[in-house]
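Since the structure of chain A is already known, use the hints to place chains B and C on it.
Protein chains in written order, with our numbering: chain A, 1 to 544; chain B, 1 to 317; chain C, 1 to 287.
Keep in mind that the hints were calculated from the coordinates and are not lab data.
If you're wondering where the values come from, they're calculated on a predicted model, not measured in any experiment.
Heads up, the beta-carbon is just placed ideally off N, CA and C, and yes, glycines get one too.
Label pairs and their computed distance ranges (CB to CB): (1) B:Ile-13 to A:Ser-228: 43 to 49 Å; (2) B:Leu-17 to A:Glu-529: 57 to 63 Å; (3) B:Arg-70 to A:Phe-292: 53 to 59 Å; (4) A:Ser-543 to B:Gly-135: 49 to 55 Å; (5) B:Asp-33 to A:Gly-386: 32 to 38 Å; (6) A:Gly-342 to B:Pro-60: 57 to 63 Å; (7) A:Gly-342 to C:Gly-136: 31 to 37 Å.
Single-letter residue listing:
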Amino acid sequence: MQKNKMIVLHVLVIFIISMLLFNGCGNKKTNSEQAANRKQLMVGGVLRCSLLNDPASLDPAGFDEELGIEVGKEIYEGLVDIDFTTNKIVPAHAEKWDNKNNQVFTFYLKKGAKFHNGKEVTAEDFMYSLDRVLNPATAAKVTWLLEPVKGAEARLSGKAASTEGIKVIDKYTIQITLDKPFPGFLSNLTQPGAGVIDKDTVEKFKGAFTATGAKPDVVVGSGPFKLSQWEPKNIIKLIRNDDYYGRKAYLDGVDFRIIADETTTLNEFRAGNLDFTDRVPPGQTGLVEKEFAGQVLRNRMWDIEYYGFNMTKTPFKDNVKLRQALNFAINREGIIKAVLEGRGEPAKGVIPPGMSVYNKDLNGYTYDPAKAAALLAEAGYPKGQGLPELKLSFNNNRETNQKIAEAVQAQLKEIGVKIKLKGLPLPVYQQDVGNGNYEMFRLNFAADTLDVSCLLNPLFGSKAENYFRYTNPEVDKLLDEAQTATDEVKRMQLYREVEQKIIQDTPAIWLFHSQSLYLKGKNINGINENPMDLVPLSSVWISR
Amino acid sequence: MFKYVVRRLLILIPILLGVALISSLMFYIVPGDIVRVMLGQHIDPFTYANVRKALGLDIPFGENFLGFMRNICRGDLGFSYIQQRSVNQVILEALPVTIKLTVVSLLVTIIVGIPVGILAAVKDRRAIGQAVNYGAMIGFSMPSFLLALFLQLFFGVWLGWFPIAGSGRGLISYVLPGLAIGLPSAAFYARVARASMLEVLTQEYILFATARGLPFNRVIINHGLRNALIPVITQIGMDFGMFMTGAVLTETIFNLPGMGRLIFSSINARDFPVLRGALLFSALIVVIVNLLVDLSYIRLDPRIASAIVREGSDADR
Amino acid sequence: MLTGKGMTEINKTIISGGVIITLLIIVAIIAPLISPSEPLAQNLSASLSSPGGSAFFGTDSLGRDIFSRVVYGSRISLTVGITVLTLTLFLGTFLGMLAGYFGGVLDSVLMRVSDVFMSFPPLVLAMIVMAFIGPGIANLVGVLVIIRWPQFARLVRGQVISVKGMAYVDAARIAGTHPLKIVLKHILPNCFAPVITYGTMSVGAIIIDETALSFLGLGIQPPAPSWGVMLADAKNYIAAAPWLVMFPGLAMIVTVLGFNLLGDGLGYLLNPKQSERIEVTHGNIKG
Numbered sequence: 001m002q003k004n005k006m007i008v009l010h011v012l013v014i015f016i017i018s019m020l021l022f023n024g025c026g027n028k029k030t031n032s033e034q035a036a037n038r039k040q041l042m043v044g045g046v047l048r049c050s051l052l053n054d055p056a057s058l059d060p061a062g063f064d065e066e067l068g069i070e071v072g073k074e075i076y077e078g079l080v081d082i083d084f085t086t087n088k089i090v091p092a093h094a095e096k097w098d099n100k101n102n103q104v105f106t107f108y109l110k111k112g113a114k115f116h117n118g119k120e121v122t123a124e125d126f127m128y129s130l131d132r133v134l135n136p137a138t139a140a141k142v143t144w145l146l147e148p149v150k151g152a153e154a155r156l157s158g159k160a161a162s163t164e165g166i167k168v169i170d171k172y173t174i175q176i177t178l179d180k181p182f183p184g185f186l187s188n189l190t191q192p193g194a195g196v197i198d199k200d201t202v203e204k205f206k207g208a209f210t211a212t213g214a215k216p217d218v219v220v221g222s223g224p225f226k227l228s229q230w231e232p233k234n235i236i237k238l239i240r241n242d243d244y245y246g247r248k249a250y251l252d253g254v255d256f257r258i259i260a261d262e263t264t265t266l267n268e269f270r271a272g273n274l275d276f277t278d279r280v281p282p283g284q285t286g287l288v289e290k291e292f293a294g295q296v297l298r299n300r301m302w303d304i305e306y307y308g309f310n311m312t313k314t315p316f317k318d319n320v321k322l323r324q325a326l327n328f329a330i331n332r333e334g335i336i337k338a339v340l341e342g343r344g345e346p347a348k349g350v351i352p353p354g355m356s357v358y359n360k361d362l363n364g365y366t367y368d369p370a371k372a373a374a375l376l377a378e379a380g381y382p383k384g385q386g387l388p389e390l391k392l393s394f395n396n397n398r399e400t401n402q403k404i405a406e407a408v409q410a411q412l413k414e415i416g417v418k419i420k421l422k423g424l425p426l427p428v429y430q431q432d433v434g435n436g437n438y439e440m441f442r443l444n445f446a447a448d449t450l451d452v453s454c455l456l457n458p459l460f461g462s463k464a465e466n467y468f469r470y471t472n473p474e475v476d477k478l479l480d481e482a483q484t485a486t487d488e489v490k491r492m493q494l495y496r497e498v499e500q501k502i503i504q505d506t507p508a509i510w511l512f513h514s515q516s517l518y519l520k521g522k523n524i525n526g527i528n529e530n531p532m533d534l535v536p537l538s539s540v541w542i543s544r
Numbered sequence: 001m002f003k004y005v006v007r008r009l010l011i012l013i014p015i016l017l018g019v020a021l022i023s024s025l026m027f028y029i030v031p032g033d034i035v036r037v038m039l040g041q042h043i044d045p046f047t048y049a050n051v052r053k054a055l056g057l058d059i060p061f062g063e064n065f066l067g068f069m070r071n072i073c074r075g076d077l078g079f080s081y082i083q084q085r086s087v088n089q090v091i092l093e094a095l096p097v098t099i100k101l102t103v104v105s106l107l108v109t110i111i112v113g114i115p116v117g118i119l120a121a122v123k124d125r126r127a128i129g130q131a132v133n134y135g136a137m138i139g140f141s142m143p144s145f146l147l148a149l150f151l152q153l154f155f156g157v158w159l160g161w162f163p164i165a166g167s168g169r170g171l172i173s174y175v176l177p178g179l180a181i182g183l184p185s186a187a188f189y190a191r192v193a194r195a196s197m198l199e200v201l202t203q204e205y206i207l208f209a210t211a212r213g214l215p216f217n218r219v220i221i222n223h224g225l226r227n228a229l230i231p232v233i234t235q236i237g238m239d240f241g242m243f244m245t246g247a248v249l250t251e252t253i254f255n256l257p258g259m260g261r262l263i264f265s266s267i268n269a270r271d272f273p274v275l276r277g278a279l280l281f282s283a284l285i286v287v288i289v290n291l292l293v294d295l296s297y298i299r300l301d302p303r304i305a306s307a308i309v310r311e312g313s314d315a316d317r
Numbered sequence: 001m002l003t004g005k006g007m008t009e010i011n012k013t014i015i016s017g018g019v020i021i022t023l024l025i026i027v028a029i030i031a032p033l034i035s036p037s038e039p040l041a042q043n044l045s046a047s048l049s050s051p052g053g054s055a056f057f058g059t060d061s062l063g064r065d066i067f068s069r070v071v072y073g074s075r076i077s078l079t080v081g082i083t084v085l086t087l088t089l090f091l092g093t094f095l096g097m098l099a100g101y102f103g104g105v106l107d108s109v110l111m112r113v114s115d116v117f118m119s120f121p122p123l124v125l126a127m128i129v130m131a132f133i134g135p136g137i138a139n140l141v142g143v144l145v146i147i148r149w150p151q152f153a154r155l156v157r158g159q160v161i162s163v164k165g166m167a168y169v170d171a172a173r174i175a176g177t178h179p180l181k182i183v184l185k186h187i188l189p190n191c192f193a194p195v196i197t198y199g200t201m202s203v204g205a206i207i208i209d210e211t212a213l214s215f216l217g218l219g220i221q222p223p224a225p226s227w228g229v230m231l232a233d234a235k236n237y238i239a240a241a242p243w244l245v246m247f248p249g250l251a252m253i254v255t256v257l258g259f260n261l262l263g264d265g266l267g268y269l270l271n272p273k274q275s276e277r278i279e280v281t282h283g284n285i286k287g
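Only chain A is shown next, with the shape it has when bound in the complex (with noise of 0.2 Å):
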C-alpha cells in the first residue's frame, strides 16, 4: 500500500512539474499570438469626446478657430505634416519635396490617394484648393498661411484671376513658389487651412459645403476620418477612413458631442459618457487631478495671453512709461494660481516656452509694484491721478476671462489706475473690436505651426491685422529680415531682437502662456502632451 502511494505521489509531482513546464513553453509559444491579439484588440471602438459649440463650418478656408480645427484635422490632410514627437515636418500627401532655397518647393504627391468619395487626390486638387484659399470670393479666414506665395497679393485683392506662383507640373507634382525665401512656409503647409478639397464636390455644393450641419457628401476631405453625421448643436459623427494612403486610424470613429458648458462636460466623463476633455472647468483641476491621477496630462501651449492696447488712442499712444508701469503692476504667479489653478506660466514676453525662439534670459516683466507706481509717476499720472478710468474689452464666453479681468482689475487699483470692464458676448465683442471700439482688448494668440513667424508676425507687423494698431518699422524691417533668413541661428537672433524691441515698447500687457489639461479615460492611449492642440485622433486606441 505504501508503495503504491508513493508511486502515485511521484507521478502526481511529475505530471504537475511537467504541467507547469508546459504552460511556461505554452505561453512563449503563445506570445505572439498575444501581441497579435493585443493588435487586434487595438483597433476599434469609437473615441467620445466633445466640442463646446459647432464650427461654423468644416470648410478648411474657415479654419481659424480651434472648434473647425479640431474636427477638420481629422478630415482633411495637406501636403505636409507635423510629426509631434520630434516636431518635424513629415510627409502627408507629399511623399517626397524638393526645397530650392527656401522659395521654390515641389511637391511629389502619393500616387493612388483617394478622397472619401473614392477619387483620386492629384495635383491639380491641390491647385484648386490652395488658389481657392486665395480667391477674394472664397472670403478665407486662412489666407495668411499662403500670402507668402508669389500672386498671392495679386489674386486676393482680385486682380488675377489665378495664383502665379502654384504650377501643376504633372499629375503627381504641384511646384509651389514664394516671393521671397521664407524657412516656415512649410509649417504654414501642415495647417488643416491649407487641406486638399475636391473640387467638383465643392462646385457642386457651394453654400450647403460651408454650412452648419453640412452633409457627409458635401464634406469631402481625404484624411484618416470622414464625416458621418452632423447634427448641429448636438452630435458630429466621424467614422474611420478604410481606404486611407497611410496608415488607418485604430478608432472606428469619433463622436463629438456638443456640450456648450464646461462643468457639464467633466461631469459627462465623470458618468463615463466621454473618453477625453481638455475642458475642465476653474475649479476643478485638482479634484480631477486628484480623482483622475494618472489620466491627466498638463499640456503647456505655444501660445500668449495679453491685454492689448489701442495705440491710437490716448493715453496709450505716445506713453510708453505708462504701458510699462502697468505691466508691472501685475501679479501673474497670484493670478495663475488663484484663476487658473496653476495652469499657466508668467509671461515675461511674448513667445512661450518650448519654442525653439524662446529667450529664457529676456529682460522682460515681473510683480514690482514700486516700480510700476513710480514709472506711472514718470508717465505723467502719479498715484493715478489725472488718469481717466480705462475701459478693458473683452469675450466673457469663458468664465477665467471674465476672473483674470476681475483680478486685474482690482491690482491696477492698487496702483491708483482704475479701469471698466466690459464683457461682452463674443459675436458683439468681435465687432466692437473691428470697429476699433475699444481702449484695451483681451485676445490669445497662439502658435499655429512650428514657426514663430506665426505669432509674431500676424500680431506685429505692421501689414498684419494687429489690433494694436501699432506701427514700428524697426519691427518690420527686423521681422522682414527674419522671415527670408535662411540661417537658423540668424534667424533666432533677429526674432529674439524682435520681441526684445516690442517688450519694450510694449503695445500690451503680457499675461501669461496657458496650460491645457488634457484628461482621458483610463483606457485611452495615444496621446499625449500637444502644444498646440492637434492631438492627433489617427494615432489614438483604445484598450480593453
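This is chains B and C only, laid out in the frame that chain A set:
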C-alpha cells in the same frame, strides 16, 4: 358658445401680431450693423449684400413686416444665416426636447404637488399639515436654477443615478431637469390645492355628508376633491404654455437642446431670425393652450361656462 | 370641524415674515459695520479657502470674503426688489385704474397690450432687452418693471371693475362727483388690500428674476456682489467649493421666504374670504 370660440380666436391674432411686431423691431434697433454682428466682421461684400437683401433691411419696415407675415402664413419662419438652415428646421429640432421636459415637469408638479396640498389641507390642524405647508412655502421660495445646480451635483455627480447633461440617454435624462422645474412648481400648486381644498372642506355639504355618517376619506374623495381641483387644473393648463417656453435656465444648466436654450443661445449668438421665429412660435403655443384650457374649463363646469359666455357678451357692449 | 386660519396663525406668519425682512433690512443698512472685508477686496493667496477663521463663509476664487459679499449683496437685492415694486405698483395701478374705470377701447387696448407682454415666455423678454441695451442696474430695474406691470394692471383693473358696479359708486356718479374724486375716494381704497398682498409677494419674485438675470450675465455685472453673480461664479466650483453656492443660495431662499411669508399672512389678513385670495407666480418658477 361657438361665438365665444370664434371671438377668442380673433383675439389671438392681435396678440400674435404684437409679438411678431416686437420681435421684428429687434432687427432695427440692434446697435451696430446687424449683418456684421450676425456673420462676423470679415464677410465678403457679396454675402453682405445678399443677406441684407434677404432680411429686407433696405425696404421700408412696413413692407418688410408684411412680407414676414405672409411668410408666416405659408409656414416659413425665416432663415438663419449663421447656421445656414431654415428656422423651421432649428425649431423642429428643439421642440421634442422641450415637449418631453414639459411633460416630465408637469407630471412631477401634479404627482407631488396635489397630494401634498391635499394632505396639508386635510391635516391642517395637525403638526404635519403645518409642516407640509411651511415646507411648500420654502420650496416655493427656491428658484429652479438653484435647485437644478444642487440636483445636478447630488444626484448626478455624487450618486451618479441620473445623467446630468444632454438628451442622449432617453427619458431618464429628463428626470433631474424635470425635478428642478417641477418641484418649486409643485410647492406652488400644493399651496393652491391646499387653499382650494380648505375652502371646500368648510362648505356645508361636506359637513352634511359627514353628519350623514359617511367615512371621512370617502367624503373627501367623492365630494371635496373634484371641486377643489378645478382651479388647480385650470392653472396648470394655463401654465403648460409657460412650462413649454420658459425653461431657459434649467435647459442651459442641463444642456438640453430645447426651445429655452435655443432662445438663450440665439440671443448670445445674435441669431435674430431664429430668435424671432422661436418667440413667435412660443407665443403661439401659449395662446393656443390657454384657449384650449378655457374651452375645456367650460365643459368641466357648466356654471363657469355660462359665466364666461355672459362676460363675453358683456364685452360686446 | 375644520377651520381656516385662526388669527394666531395669521399673526405667526406675518411676524415670521416681518422679522426676516426687518433683519434683512438691518443687515443691508449696517453692511459696512458687520463685514470683515470690502466685498471687492481680493486676496489671491487665500483663494477658495473653506469657511472658518476670519472668513466665516469662506472665500471665492479671487480670495474675496463670501460673508462680506453676501451681506453687501443684500443691499442690491433689496434695492432692486423695492424699487421695481414701487415703480411697477405705480405704473400698474395707474393703468389698471384707467382701464377699469373708463372701460371701452382703452380697456381693450390695455388688455391686448398686456396680453402681448404676458405671452412672451417669462424672463425671455427681459433677457432680450438686457442683451441689447446692455447690462447695468438702471437698465435692469427698467426691464423688470416692464415685465411685471401687466399683472398689477390686471389685478387693479379687476378690482376696479368689481367695485365700479357697486351701488355707492353709482350713487356718487349720479350725484355728479368728479371721476377723479370717485376713483380716489371710493375705488382706490378697495384696491389696497389685494395690491399690497400681491406686491409683497412679488418682491420675492422680483429678487429671483434679478438673480436669474445676473446669473446669466445679463443683469448686475461682476465684480458687484449680487447673489446672482455669486451663484454664476460658484457654478463651476460646486464640487470643489460648495460653500460658494450654499451661502448666497441660502441668503436668497431666506429673503424670498421672508417676503412670501409676509405676503401670505397679509393675504389671509386682508382677504378673509379664501376664494378671493390671490396667488403670485414668479416670472420663472417654470424654469
